[in-house]
Amino acid sequence: DTAVSQTPKYLVTQMGNDKSIKCEQNLGHDTMYWYKQDSKKFLKIMFSYNNKELIINETVPNRFSPKSPDKAHLNLHINSLELGDSAVYFCASSQGQGAANTEAFFGQGTRLTVV
Amino acid sequence: AQSVTQPDIHITVSEGASLELRCNYSYGATPYLFWYVQSPGQGLQLLLKYFSGDTLVQGIKGFEAEFKRSQSSFNLRKPSVHWSDAAEYFCAVGALRNTPLVFGKGTRLSVIA
Numbered sequence: 001d002t003a004v005s006q007t008p009k010y011l012v013t014q015m016g017n018d019k020s021i022k023c024e025q026n027l028g029h030d031t032m033y034w035y036k037q038d039s040k041k042f043l044k045i046m047f048s049y050n051n052k053e054l055i056i057n058e059t060v061p062n063r064f065s066p067k068s069p070d071k072a073h074l075n076l077h078i079n080s081l082e083l084g085d086s087a088v089y090f091c092a093s094s095q096g097q098g099a100a101n102t103e104a105f106f107g108q109g110t111r112l113t114v115v
Numbered sequence: 001a002q003s004v005t006q007p008d009i010h011i012t013v014s015e016g017a018s019l020e021l022r023c024n025y026s027y028g029a030t031p032y033l034f035w036y037v038q039s040p041g042q043g044l045q046l047l048l049k050y051f052s053g054d055t056l057v058q059g060i061k062g063f064e065a066e067f068k069r070s071q072s073s074f075n076l077r078k079p080s081v082h083w084s085d086a087a088e089y090f091c092a093v094g095a096l097r098n099t100p101l102v103f104g105k106g107t108r109l110s111v112i113a
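Respectively, the protein sequence lines represent chains A and B.
Numbering-wise (my numbering), the first sequence opens with residue 1 and increments by one.
Numbering-wise (my numbering), the second sequence opens with residue 1 and increments by one.
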């Protein structure tokens, strides 16, 4: 009964490959996010979706493409992976848009290593 | 836009000692403030949050935090630290509009015997 689940937990891949990370939430939340945590533990928002609609797209290379087939899922596809993409990627969800009186619930993270 | 500063990158305390982790925010209106904890290899777990009302908020695991508007601070405290509290702690600020949480750079807590 995991609230926000991401798969895979670990992903090791070669430069130039294309990979996807899946995220699902069973909380009935309207808003989902992708955050990137770098090697210094800094968490930075990448994307935010509300009811399947993109509402926030920070300065992220267009090799990163989120897809939300329904409001319970937000997948992240990455093309032409680069060494600098190595990081931990966290999916999160919240009831309202942004903070909106609720906190964000986080998945366990996907540790991506590009070699 | 809102921002968060956690001045301490790494803090070491003895088990049983008290703890205070600092957090300063920048936001033009009333902020929504959060503290999250991240254990090694894990996701983020919410410790506590402040939206309005009593400026001293209680959270899980014996943590509390106090919102001080005059100092733009939301420091996290615990009277007696346990070895299992060793983790990374993140302060975050949210806003009314549809913006996601903005996180500080985190404070790593080490606990020694």
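Any given hint might turn out to be false.
Simulated crosslink set (BS3-like; lysine-lysine; CA at most 30 angstroms straight-line) [claimed, not checked]: (1) B:LYS105 / A:LYS22; (2) A:LYS40 / A:LYS9; (3) B:LYS68 / A:LYS67; (4) A:LYS67 / B:LYS61; (5) B:LYS61 / A:LYS44; (6) A:LYS52 / B:LYS61; (7) A:LYS40 / A:LYS22; (8) A:LYS19 / B:LYS49; (9) B:LYS68 / A:LYS9; (10) B:LYS68 / A:LYS71; (11) A:LYS9 / B:LYS105; (12) B:LYS49 / A:LYS41; (13) A:LYS52 / B:LYS49; (14) A:LYS19 / B:LYS61; (15) B:LYS105 / A:LYS40; (16) A:LYS40 / B:LYS68; (17) A:LYS9 / B:LYS61; (18) A:LYS41 / B:LYS61; (19) A:LYS9 / A:LYS52; (20) A:LYS40 / A:LYS67; (21) A:LYS52 / A:LYS71; (22) B:LYS105 / A:LYS41; (23) B:LYS49 / A:LYS9; (24) A:LYS44 / B:LYS68; (25) A:LYS19 / A:LYS40; (26) A:LYS19 / B:LYS68; (27) A:LYS22 / B:LYS68; (28) B:LYS105 / A:LYS36; (29) B:LYS68 / A:LYS41; (30) A:LYS52 / B:LYS68.
The hints are simulated quantities; they were obtained by calculation from the structure and are not laboratory data.
Hints, verified against the model:
1. B:LYS105 / A:LYS22: holds (26 angstroms)
2. A:LYS40 / A:LYS9: OK: LYS40 (chain A) and LYS9 (chain A) at ~19 angstroms, within 30 angstroms.
3. B:LYS68 / A:LYS67: Violated, at about 40 angstroms.
4. A:LYS67 / B:LYS61: Answer violated: LYS67 (chain A) to LYS61 (chain B) is near 36 angstroms, above 30 angstroms.
5. B:LYS61 / A:LYS44: Measuring from Cα to Cα gives roughly 26 angstroms; hence the hint holds.
6. A:LYS52 / B:LYS61: Measuring from Cα to Cα gives roughly 35 angstroms; hence the hint is violated.
7. A:LYS40 / A:LYS22: Status holds; Cα separation ~24 angstroms.
8. A:LYS19 / B:LYS49: Distance of about 35 angstroms is beyond 30 angstroms: violated.
9. B:LYS68 / A:LYS9: violated (38 angstroms)
10. B:LYS68 / A:LYS71: violated (37 angstroms)
11. A:LYS9 / B:LYS105: holds (23 angstroms)
12. B:LYS49 / A:LYS41: Between LYS49 (chain B) and LYS41 (chain A) the Cα gap is close to 21 angstroms, so the pair holds against 30 angstroms.
13. A:LYS52 / B:LYS49: Measuring from Cα to Cα gives roughly 27 angstroms; hence the hint holds.
14. A:LYS19 / B:LYS61: Between LYS19 (chain A) and LYS61 (chain B) the Cα gap is close to 38 angstroms, so the pair fails against 30 angstroms, i.e. violated.
15. B:LYS105 / A:LYS40: Holds, at roughly 8 angstroms.
16. A:LYS40 / B:LYS68: This hinted pair holds, its Cα atoms lying about 28 angstroms apart.
17. A:LYS9 / B:LYS61: holds (26 angstroms)
18. A:LYS41 / B:LYS61: holds (22 angstroms)
19. A:LYS9 / A:LYS52: holds (24 angstroms)
20. A:LYS40 / A:LYS67: holds (27 angstroms)
21. A:LYS52 / A:LYS71: At roughly 5 angstroms apart (the allowed maximum being 30 angstroms), LYS71 (chain A) and LYS52 (chain A) satisfy the hint.
22. B:LYS105 / A:LYS41: Answer holds: LYS105 (chain B) to LYS41 (chain A) is near 7 angstroms, not above 30 angstroms.
23. B:LYS49 / A:LYS9: Holds, because 28 angstroms separates the two Cα atoms, which is no more than 30 angstroms.
24. A:LYS44 / B:LYS68: holds (25 angstroms)
25. A:LYS19 / A:LYS40: Holds, at about 23 angstroms.
26. A:LYS19 / B:LYS68: violated (45 angstroms)
27. A:LYS22 / B:LYS68: violated (39 angstroms)
28. B:LYS105 / A:LYS36: Holds: LYS105 (chain B) and LYS36 (chain A) sit about 12 angstroms apart, inside 30 angstroms.
29. B:LYS68 / A:LYS41: holds (26 angstroms)
30. A:LYS52 / B:LYS68: violated (37 angstroms)
Hint check: violations occur at hints 3, 4, 6, 8, 9, 10, 14, 26, 27 and 30; the rest are consistent with the structure.
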